[in-house]
Amino acid sequence: MDLGSINPVLLISALLLASTPILLAAMGELVVEKSGVLNLGVEGMMIVGAVSGFMAAVESGSPALGFLAAAAAAAVLALLFGVLTQVLLSNQVATGLGLTLFGLGISSLMGQGYVGIRPPASPRLDLPVLSELPVVGPVLFSQHALVYLSLAAVAGVWWYLRSTRSGLILRAVGESHEAAHALGYSVLGTRLAAIAFGGALAGLGGACLSLVIVPQWTEGMTAGRGWIALAIVVFGSWRAWRVLLGAYLFGGVSVLQLNLQAAGIAIPVELLSMSPYLITILVLVIISSDKRRAQANAPNSLGRTFHASG
Amino acid sequence: MIRLERRPAPSRAWAWATPLLAVLATMVAGGLLFAFLGKDPLLVIRTIFWDPILGEFAFYYRGQLLVKAGPLILIAIGLSLGFRAGVWNIGAEGQYIMGAICGAAVGLAFYPLEARWLIFPLMVLAGGLGGFLWAMIPGILRTRFNTNEILVSLLLVYVAEQILAWMALGPLRSPDGAGFPGSRNLRHYDSAANHELIAGSGMHWGVVAAFIAVILGHVLLSRHILGFNIRLAGASPRAARFAGVNPGLLVLTCLGASGALAGFAGLFEVAGPAGQINIDFNVGYGFTAIIVAFLGRLHPVGILLAGFLMALTYIGGEAAQATLGVPAAAIQAFQGMLLFFLLALDVMTNYRVRIDARARA
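Protein chains in written order, with our numbering: chain A, 1 to 310; chain B, 1 to 361.
No lab work stands behind these hints: they were computed from the structure. A quick note: this is a predicted structure, and the numbers were derived from the prediction, not measured. Where a beta carbon is used, it is the ideal one built from N, C-alpha and C, also for glycine. Keep in mind that the hints are not guaranteed to be accurate.
One side only, chain A facing chain B, incomplete, derived with CB under 7 Å [unchecked claim]:
#1 Asn7
#2 Met274
#3 Ser289
Only chain A is shown next, with the shape it has when bound in the complex:
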């Protein structure tokens, strides 16, 4: 065992990147849940994003096009969920599960011819001057563009929900869809838009995995990250900055356990591999055990079907 081989600078740099897929997906799901919809299909949307982004990037040779395709494909899949739950009033839990099962199936079908190919490289974005700073430079200012985008998404979602009129309407719809409907706001429109946005971010997260982190396409490569994103929204008690914290905590654990595996520490590999899931469960328990605090910021209409009668 050689713990000295673990370089803290590289560790933090890897943490930022490893957390990005989950952070993106969790930010999307935060907006969806704030509008009162529980979409359990994050895993399915991520994996469809991963495969669509990969295919588009390989075919076009452009990672940027890949990311766009990933966001679009996952948003389309999300809208399928939206139509089912919002227009056809199906059960959100069951439909979300169906979305995940369908996404896993359709993604491995789509990705058949793409196993074992390397995608076009997506370069790191060196911020001028800043990236040349010692220690801090390579950690903070020489990351992939998606890392910055995910941070911008956190700030953007925080600002949108807190300070814009449309964000206020979205929260109103999530708190009480009857009241929002009575005031003349479109519950259906707001929710469909939120669902599509959530899908797009989940798709980007998936593509970040297949195009930047791994970078390769393998079946089921999201490996539960969509579910962890869902858990992190609860962990963050529906607040953007706490969700960021949760995502980085998870990213830290998964990067650290990979490093420990590489360093050959005397813990079974399987135990290390399951640690991110165990720790997610643990923090979930800690957060939800204080019932009043856990529910304080939860949208009141979360998961309830809205039907404007009369």
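Chain B: place on chain A using the hints.
This is chain B only, laid out in the frame that chain A set:
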């Protein structure tokens, strides 16, 4: 203008018709998918749904039907109890794995002692217990710490998969296996094997257990106070509390029952068709059983039929893969599609479509 109007009571006719319509719609949409893949859609549909039962090689496939339907039905019956009560155990795959590991471990511990009357029943008990305890984790976390059981039960699937890999490569690895992963083959150990009961039929103890579960499930839901409480809690949690139903106990009962049944399914699979604990032991029955439960309308008899239909898609899918080169993943997408159509058409059970000739004032 088209709008939906809530029915005073769910339509019984539609409740029975939607699964059938969903299957038809899936065949049409699936046919389009196969056509898109460059296959003859009619031929693929026939290979999946017709040939395994009535085709030339049906004698081989019919046995497989019970082998695949057994675990699906057994798990789905357990899940349906929870789904009816609003308790979402979606980690049956993990409970299935843990049941298999616990049951197989007990069997392997006795190797090479021959005492079937003792070892096999003990294995069955250990399998059920393994699944039960694994399901108790989300159960107790939900009742004691108010933690969401959907997320915990699902995350535990990934933990169980890691434990499975660890067992296959470590503690349970066969000492005679020349270093290959995987335990001893239980089918070659008579006291622990879950053999076919009638040669060529595919009938094994797991299928028997599935049929018993269907009957018990039906009696429980229609005749027993616990079944009534489950249905009551699902329909109206508030009314259930007034009626004196203990919500915590109900959560534990539902999760425990579904976990134990999934554990049984895992044990019967590992001692029978699969034969050994190995890294690729689980094939997603725990997830497909969710579709089976919904397709069967959370009703035991419906689940029985849905289980056979799903088993058919597995077997027909394999046949289509072998003879027509249809990718295995297509069948998974096909199954997911079925759930979508079912949920979409379900709107007709609870709502009726009204078309207003003129806009309302």
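Taking the hints in turn, this is what the structure says about them:
Given hint, A/Asn7 at the interface with chain B, is violated; its Cβ is 27 Å from that chain's nearest Cβ, farther than 7 Å. Annotation: A/Met274 was flagged as interfacial toward chain B, and the flag holds, the nearest CB pair being 4 Å apart, inside 7 Å. Annotation: interface hint on A/Ser289 holds; nearest CB of chain B at approximately 4 Å, less than 7 Å.
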